Amino acid sequence: MRETITSFFQSDDTGSFLGRSVLIFSQWKLFLTGVTNTVMLVGISLVIGRLIAIPMAVIRVQRVPVLSSLVALYVYVIRGTPLLVQLYFVYYGLSQFEAVQKSFAWDYLREPWWCALLTFTVGTSAYTAEILRGGILAVPRGEIEACISVGMSKLSAYRRVILPSAFRRVLPAYGNEVIFATHASVVASTVTIIDIVGAARQFNNTYYLAYEGFLAAAVLYLILVFLITRVFAHLERRLYRHLKARM
Amino acid sequence: MIRYALPSFTNNWLTLMKTTALVSIIGLEDIVYTALSAGRTSQKPFVFLLTVLIIYLALMAISDIVLRLVERRYNRGVTFPQGRFHA
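Protein chains in written order, with UniProt numbering: chain A, 1 to 247; chain B, 1 to 87.
In short, the hints are calculated from the structure, not lab data. Some hints could be false.
To be verified - Among chain B residues calculated to face chain A with C-beta under 8 Å, some are: (1) LEU6; (2) ARG76; (3) GLY77; (4) VAL78.
Claimed, not checked - Which residues of chain B face chain A? A partial, calculated answer using Cβ under 8 Å: (5) ARG3; (6) LYS18; (7) LEU22; (8) ILE25; (9) ILE26; (10) GLY27; (11) LEU28; (12) GLY39; (13) PRO45; (14) TYR56.
Claimed, not checked - Now the stretches of chain B that chain A is said to cover, found in silico as 3 or more residues with beta-carbon under 8 Å: (15) 57 to 63; (16) 67 to 74.
Only a predicted model underlies this, so the values are computations on that prediction, with no experimental measurement involved. Idealized CB from N, CA, C, for every residue including glycine.
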């Protein structure tokens with residue numbers, strides 16, 4: 001077995017590894033589509049997810065009667081089930097009902113892209129809500145007392161002091177979530193979306209070069225994650241300037 | 001040492017458990033794979049996938065409870081500061 005593999009790689013008629021890898025560059029359009037889809041899915045879901053997460057975190061911290069337990073249940077269910085199953089549930093599961101197929105939502109729910117966006121948004125909102133909740137709970141008591149002492153309402157205290165302080169505090173944890181969301185987005189390729197892995201799969205289907213295609217996909221993810229870490233390192237430098245020792 | 005490591009271990013355990021769903025993509029017959037093919041044959045994917053969601057949720061709940069018990073056992077005799085006031 002091993003001999004067959006080695007001879008396959010060494011035989012001239014299949015070309016060199018380098019030669020076969022050049023094929024990837026000739027297919028750059030396919031991989032560009034992949035990168036665009038991955039970035040769009042992750043980016044949009046992160047933005048919307050975060051907008052949903054803020055009120056959810058506040059509801060949890062404030063222990064708003066009924067809503068708080070509802071949010072807790074939502075977060076528990078979303079965090080307790082695999083993203084892949086959630087995506088299958090939305091994409092394959094919901095179409096079982098005729099009521100869904102007849103409703104206006106069907107225009108979106110039959111498109112894998114919108115299903116993936118919905119699933120990712122719901123998923124990231126739950127994780128971000130938990131991160132933000134931790135951030136709000138970690139705001140020093142003195143900052144909150146300062147708000148009360150100058151007569152701020154709860155709303156303006158949240159808007160002007162507590163949330164900005166919490167956002168800054170959760171930045172490293174949120175950076176982690178962004179990277180995890182990027183990794184998790186590979187499941188989009190299972191519902192026929194051409195994301196980065198989807199591009200590698202299609203490349204493999206056309207040229208039967210699994211190794212080169214998926215290697216290229218891995219490199220693209222590596223670049224994406226590298227860019228994300230750079231962005232967060234930059235943000236951390238800016239937002240934690242006041243914490244640096246003065247010269 | 002175990003006392004400090006347990007929360008991270010719990011996290012890791014739960015994440016790993018959810019990641020196992022991915023094996024269905026490369027054709028291993030786990031519950032996701034089975035549910036998907038059952039859903040295809042019976043034309044009722046919703047029922048089967050909902051079952052899978054509930055099974056995963058149950059698995060997570062059980063591990064959560066067990067690991068919390070373990071954590072409590074290792075935290076015996078440790079006192080924690082009181083809960084703090086909040087706005």
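At a Cβ distance under 8 Å, does chain A reach at least three residues of the region 67 to 74 of chain B?
violated (count 0)
Any CB of chain A closer than 8 Å to the CB of GLY27(B)?
Violated: closest Cβ of chain A sits about 12 Å from GLY27(B), beyond 8 Å.
Can we keep the LEU6(B) interface hint, with Cβ of chain A closer than 8 Å?
violated (18 Å)
Should the interface hint for PRO45(B) be scored as holding, given a Cβ-Cβ cut-off of 8 Å against chain A?
holds (4 Å)
Minimum beta-carbon distance criterion (8 Å), VAL78(B) to chain A:
violated (21 Å)
For the hint on TYR56(B), just tell me whether its beta-carbon gets within less than 8 Å of chain A.
Constraint on TYR56(B) satisfied, holds at 5 Å.
Take the shortest C-beta to C-beta distance between GLY39(B) and chain A; is it under 8 Å?
At about 6 Å, which falls below the 8 Å cut-off, the nearest Cβ of chain A leaves the hint on GLY39(B) intact, so it holds.
Using the nearest Cβ pair, does ILE25(B) come within less than 8 Å of chain A?
This hint holds: ILE25(B) lies near chain A, its Cβ roughly 6 Å from the closest one there, short of 8 Å.
Close enough to count: is the Cβ of GLY77(B) nearer than 8 Å to one in chain A?
This interface hint is violated because 26 Å lies over the 8 Å limit.
Quick check on the hint: LYS18(B) CB to chain A CB, less than 8 Å?
The hint holds - LYS18(B) has a Cβ within 8 Å of chain A, the shortest such distance being about 4 Å.
Hint validity - LEU22(B) Cβ closer than 8 Å to any chain A Cβ:
holds (6 Å)
Have a go at the LEU28(B) hint: is there a Cβ in chain A nearer than 8 Å to its own Cβ?
Violated - the Cβ of LEU28(B) stays beyond 8 Å from chain A, reaching only about 13 Å at its closest.
Hint violations for this structure: numbers 1, 2, 3, 4, 5, 9, 10, 11 and 16, all remaining hints satisfied.
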